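If you want the building blocks of each chain, they are given just below.
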Amino acid sequence: MSEVSEHLIEIRDLNYSRGHRHIFKDLNVQIPRGQVTAIMGPSGTGKTTLLRLITRQLIPDSGCILVEGIDISTLNQKALYKLRRRFGMLFQNGALLTDISVFENVAFPLREHTRLPNRLIRHIVLTKLHAVGLRGAADMMPTELSGGMARRVALARAMVMDPDILIYDEPFVGLDPISMGVIVRLVRKMNDALGISSILVSHDVQEIATVADCSFLISGGKVAASGSPDELVNTRSELVRQFMHGMADGPVPFHFSAPNYAEQLLGRDAE
Amino acid sequence: MIRDLWYTFTDFLQTFGKLQLFFVRLILNSPSVLLQRGGLVIKQIYNAGALSLAIIMVSGLFVGGVLGLQGFSILSKFNAEDSIGTFAAFSLLKELGPVITALLFAGRAGTALASEIGLMKATDQLSAMEMMAIDPLQRVLVPRFLGGVISMPMLAAVFSVIGLFGAHIVGVNMLGVDQGAFWQQLQATLDMSDVYEGIFKSVVFGIVASLLAVWEGYNAIPTAEGVGRATTRTVVITAIAVLILDFMITALFLE
Numbered sequence: 000m001s002e003v004s005e006h007l008i009e010i011r012d013l014n015y016s017r018g019h020r021h022i023f024k025d026l027n028v029q030i031p032r033g034q035v036t037a038i039m040g041p042s043g044t045g046k047t048t049l050l051r052l053i054t055r056q057l058i059p060d061s062g063c064i065l066v067e068g069i070d071i072s073t074l075n076q077k078a079l080y081k082l083r084r085r086f087g088m089l090f091q092n093g094a095l096l097t098d099i100s101v102f103e104n105v106a107f108p109l110r111e112h113t114r115l116p117n118r119l120i121r122h123i124v125l126t127k128l129h130a131v132g133l134r135g136a137a138d139m140m141p142t143e144l145s146g147g148m149a150r151r152v153a154l155a156r157a158m159v160m161d162p163d164i165l166i167y168d169e170p171f172v173g174l175d176p177i178s179m180g181v182i183v184r185l186v187r188k189m190n191d192a193l194g195i196s197s198i199l200v201s202h203d204v205q206e207i208a209t210v211a212d213c214s215f216l217i218s219g220g221k222v223a224a225s226g227s228p229d230e231l232v233n234t235r236s237e238l239v240r241q242f243m244h245g246m247a248d249g250p251v252p253f254h255f256s257a258p259n260y261a262e263q264l265l266g267r268d269a270e
Numbered sequence: 000m001i002r003d004l005w006y007t008f009t010d011f012l013q014t015f016g017k018l019q020l021f022f023v024r025l026i027l028n029s030p031s032v033l034l035q036r037g038g039l040v041i042k043q044i045y046n047a048g049a050l051s052l053a054i055i056m057v058s059g060l061f062v063g064g065v066l067g068l069q070g071f072s073i074l075s076k077f078n079a080e081d082s083i084g085t086f087a088a089f090s091l092l093k094e095l096g097p098v099i100t101a102l103l104f105a106g107r108a109g110t111a112l113a114s115e116i117g118l119m120k121a122t123d124q125l126s127a128m129e130m131m132a133i134d135p136l137q138r139v140l141v142p143r144f145l146g147g148v149i150s151m152p153m154l155a156a157v158f159s160v161i162g163l164f165g166a167h168i169v170g171v172n173m174l175g176v177d178q179g180a181f182w183q184q185l186q187a188t189l190d191m192s193d194v195y196e197g198i199f200k201s202v203v204f205g206i207v208a209s210l211l212a213v214w215e216g217y218n219a220i221p222t223a224e225g226v227g228r229a230t231t232r233t234v235v236i237t238a239i240a241v242l243i244l245d246f247m248i249t250a251l252f253l254e
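Protein chains in written order, with numbering that gives the first Met the number 0: chain Z, 0 to 270; chain B, 0 to 254.
Next up, chain Z with everything else stripped away, as it sits in the complex (with noise of 0.2 Å):
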């Protein structure tokens, strides 16, 4: 397939499990180019293993994931790392590597791709230390930072080698309000400045609604449902109004399956 394909990353009929769980099911989701897309579910239903089927970090049972119409099952190591050089990643938690300053971790990716001269990669690197608001932190060392402060180096290393697919993994979770507003511009902003696609994976529904242009949301190994997130909001669905309201029982229930509460209190459920 060499003509463009409509799609920047079309997923068919994905299976995955992990020992005798179910992850995936008949997984299928279309992510459009030039776009922020937004993956949202409830926790433990494989948002971030999705990621990691996508960059082929893990390989999926049966199905397909193509990236611009190519199969990423058939790559061989030099042509799949060739294709994430196109990717930058944002982890959780910012995965900065830790023996080396926060100049070095921004500057690793051109160090190791790339002959650069020095000059040239200390502009480089402060322009985009400078972009994320830390380009008085070059000196610092990873562990002096605070967690949002990682993940905003992590995200200057994530664009340095100028990426066409940014993918951000949980970029909100355990973020000071500040800090969160800083991270979904800077999600916005890239997307828009660069012309690159975003890929987000999150819960954070209030943060989504203002980053995303169309989002799915995954539920029991399946697109439960797709579209903007007004759409999602004004949706009727039980449990897409579940989620996207924060409702504390529906659908997906509120208790983990037990036995009967009552019975189990008598201790009846012991014979």
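Keep in mind that the hints were calculated from the coordinates and are not lab data. Nothing here was measured: the structure is a model prediction, and the numbers come from that model. Treat the hints loosely; a few may be bogus.
To be verified - Far from chain B by the CB rule (all over 12 Å, computed), these chain Z residues:
1. PRO108
2. ALA157
3. ARG187
As the list claims (entries may be wrong) - If the Cβ cut is set under 8 Å, some of the chain Z residues that face chain B in the computed set are:
4. THR54
5. TYR80
6. ARG83
7. ARG84
8. PHE86
9. ALA94
10. GLU111
Stated by the list, open to error - Estimated spans, in silico, between C-beta atoms of each pair:
11. Z:LYS221 - B:PHE15: 38 to 48 Å
12. B:PHE15 - Z:HIS19: 24 to 34 Å
13. B:GLY37 - Z:ILE69: 30 to 40 Å
Note that CB positions come from ideal geometry on N, CA and C, so glycine has one too.
With chain Z fixed as given, assemble chain B onto it according to the hints.
Quick look at chain B alone, frame taken from chain Z:
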């Protein structure tokens, strides 16, 4: 019961096979790492070797001292206390040097390697490298493996020399063995082949200890508990492997 044993056995064979494949991958990647990432290897030689020096030297001094004491008490029964230098040199070069160094190395450098790599895995650093299209094998594992392989024989040599020095202090300076006899006997009986045996052992142990440390770290379950367990396993498995291999190599050289 028998079926359980069978599964344990096949499980062991599978792991062993994977370990061998892993070893082959490390070796195949070694030349390019040495050429292109020499700086990283030198840093790891510092981490595994230079930082283990203090513990190796202190242990060597006291092991040598004990050899001096024990050797004197046994040899003096046969009026052969002049041979104390030979006794210490043979024990150190052929056995104690390589074996104790390997055990200390596993405790000091092996655990550091395993926990460092395990933590890098648990904090997604290895996945992040893969996502940046950088092979963690080349960037993280091979330099650490080579650092260990290169430092281990040097540490064993330092251990033996310091040990001999310790035996000399105890035998000659404290117990009054003649210094001339100490060195003359040593020179007359010690063969170059004995030295080679010691070097061969320390090289093999260096490869085994580094391989197991890197392997355990890389295959650690990526949680705090998993990393802790990997660290413990590194020491235990390395100790067992080194002692078994020591027996086999000794038997080989007795031919």
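Here is how each hint holds up against the structure:
no.: 1; hint: PRO108; in the structure: violated (5 Å)
no.: 2; hint: ALA157; in the structure: violated (9 Å)
no.: 3; hint: ARG187; in the structure: holds (22 Å)
no.: 4; hint: THR54; in the structure: holds (6 Å)
no.: 5; hint: TYR80; in the structure: holds (4 Å)
no.: 6; hint: ARG83; in the structure: holds (4 Å)
no.: 7; hint: ARG84; in the structure: holds (5 Å)
no.: 8; hint: PHE86; in the structure: holds (6 Å)
no.: 9; hint: ALA94; in the structure: holds (4 Å)
no.: 10; hint: GLU111; in the structure: holds (5 Å)
no.: 11; hint: Z:LYS221 - B:PHE15: 38 to 48 Å; in the structure: holds (41 Å)
no.: 12; hint: B:PHE15 - Z:HIS19: 24 to 34 Å; in the structure: holds (27 Å)
no.: 13; hint: B:GLY37 - Z:ILE69: 30 to 40 Å; in the structure: holds (36 Å)
Hints 1, 2, counting from the list given before, are not met by this structure.
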